[in-house]
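J.: Residues per chain, in single letters:
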Amino acid sequence: MSQTQSGFEATNLGFSYDGKAILKDINLKINQGEFVCLLGESGSGKTTLLNLFAGLTKPNEGRISWNGKEIEKPSAERSVVFQDYSLFPWLTLLQNVTLAIKKTKKVKSGDAKHLAEEYLNLVGLSRSLNKYPFELSGGMRQRGAIARALSVGADALLLDEPFGALDPVNRASLQDLVLELCRGVKDRPITTLFVTHDIREAVYLGSRIIVLGSTPGRIIADIPLNFPVRKNRSDWFRNEKVQQTIVAIEEAYHKDVLEKLGHIVQGGASI
Amino acid sequence: MRTFKKYLSKFSGILFLLFLLGIWTFISCGPEWSSQYLFPSPKAIANALFDSREELLRSAGASLLKLVPAYLVAAIVGISIGILSGSVSWISNMLKPISRFAAPIPPNVYIPYAIAILPTFYLSSTFIIFIAAFWPIYLNTAAGAADIPEKYKRNAAIIGIGRFEYLWRIALVASLPSIFSGLSVGMGLSFIMLTVAELFGENTGLGHFVQFYADYSDYPNMVAGILWTGIVVLAIMELFEFVKRKLLFWTKAN
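Going down the list, the protein sequences come from chains D and P.
Take the first sequence: its position 104, counted from the start at 1, is 548 in our numbering, and no numbers get skipped.
Take the second sequence: its position 96, counted from the start at 1, is 101 in our numbering, and no numbers get skipped.
Please keep in mind that the hints were generated in silico from the structure rather than gathered at the bench.
It cannot be assumed that every hint is accurate.
Said to hold, decoys possible - Calculated pairs, DSS-like style, for lysine-lysine (alpha carbon to alpha carbon, straight line, at most 25 Å):
#: 1; chain 1: D; residue 1: Lys513; chain 2: D; residue 2: Lys473
#: 2; chain 1: P; residue 1: Lys158; chain 2: D; residue 2: Lys546
#: 3; chain 1: D; residue 1: Lys513; chain 2: D; residue 2: Lys552
#: 4; chain 1: P; residue 1: Lys249; chain 2: D; residue 2: Lys547
#: 5; chain 1: D; residue 1: Lys502; chain 2: D; residue 2: Lys547
#: 6; chain 1: P; residue 1: Lys15; chain 2: D; residue 2: Lys575
#: 7; chain 1: P; residue 1: Lys101; chain 2: D; residue 2: Lys575
#: 8; chain 1: P; residue 1: Lys11; chain 2: D; residue 2: Lys575
#: 9; chain 1: P; residue 1: Lys249; chain 2: D; residue 2: Lys550
#: 10; chain 1: D; residue 1: Lys468; chain 2: D; residue 2: Lys517
#: 11; chain 1: D; residue 1: Lys513; chain 2: D; residue 2: Lys557
#: 12; chain 1: D; residue 1: Lys575; chain 2: P; residue 2: Lys48
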């Protein structure tokens, strides 16, 4: 076991709901500054795992910790971006972010507002500060959600299929924004857990990919990535190493699905 | 032809009102079988509205003096308990049996008892209006607060909103759509109970005005009282809708 205590650590983690095992025997260590993409099909428990790291759900078995301390409840250190609802619909963008800052940092109202403006500028929303979520496109809402998550001074960012509902163009530009914000910051490395079911997205973003198999959710592949700098998106995806990785992950996926099908077929035949 | 149809459709509401007014006018001054006495002409009613304007205003004032305090207290109590009951399971469990039993009791059956135990008729009327408005407001608020999407709760937990703050900052706001449907039902019921109470034995208010002139067989004034009541209720409902639109602007997209 590593001596450093920074980052996330799950030990023999298990979670079941209504007697059904959702996650089983998860052993995972995510070091500080890593950008981990969590891949898995629907029902593989990837959102549950994210909620456990966020402290929104408590495990039934095993231990889960952040910087060596047991995770018991949500904290601003571990900020979350959900797919489509990280902002309160009755508050403007600025009010949403300001509220989060005021609740998590002990700062004056004026300072909180100022800080909120800074973070909204950072994600390119300086002209929509006083708009309500319903007045914004899905992409802009997610930019706001990311600004809110970062504004509270998070050391870890947990993103649950944040771009799943976006069109490809918005999606690509938000992926680049996340890369810039999470992997670009050298003085303050942000540990990121990014849940997605899009293999290309995972490969593009991650410094490491974890693939979850389903029923019950368990880690079936753990792949460190070390790719060249992403300069041009389409060129980057044509890179041979990148394509090989995508194929390898697809295979790991399919193998799990096929094994499960085989298991069901055998089980059926034995009756 | 097309534009004619368009205009006909656009103004059909007003045209239909004019049509009804025509029928009334015809009945009031026309055929032998009708009675001008029981069906006063529109002109007589308009005169009554004008001549009794001060008394009508006073009656509306007296009615509002009963309605508004009772309704506001019902709204404050109903919304507060509703939010608590929708958010805290032991409070919900505690209140469920009594609300299941008491909410469906028609509020007018309390009238005799209210008159017997409360010192003034004013208090009995306001108590009945309170009861009428309270249950729908409470029940709708509680249902709304119990049904707050998980997403808002998680969101609140993430940014560190505590249990107490959650009640007013999240539960209260997120339940506003249900709260307003309760407020609206409660408003309708409290109007009914207000006028019922006034017809019974009050000596002020809109219900009393109508009953008073009916007793003297002054039908122009009586009909004027009914029309005026309609106007007052309509004005309050419009005001209500205005406030509702202002507060629920954010539900447009959801």
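J.: Each hint needs a verdict: does it hold in this structure or not?
T.: Results of checking the hints against the structure:
no. : hint                    : verdict
1   : Lys513(D) <-> Lys473(D) : holds, 13 Å
2   : Lys158(P) <-> Lys546(D) : holds, 18 Å
3   : Lys513(D) <-> Lys552(D) : violated, 29 Å
4   : Lys249(P) <-> Lys547(D) : violated, 29 Å
5   : Lys502(D) <-> Lys547(D) : holds, 23 Å
6   : Lys15(P) <-> Lys575(D)  : violated, 35 Å
7   : Lys101(P) <-> Lys575(D) : violated, 40 Å
8   : Lys11(P) <-> Lys575(D)  : violated, 37 Å
9   : Lys249(P) <-> Lys550(D) : violated, 35 Å
10  : Lys468(D) <-> Lys517(D) : holds, 21 Å
11  : Lys513(D) <-> Lys557(D) : violated, 31 Å
12  : Lys575(D) <-> Lys48(P)  : violated, 53 Å
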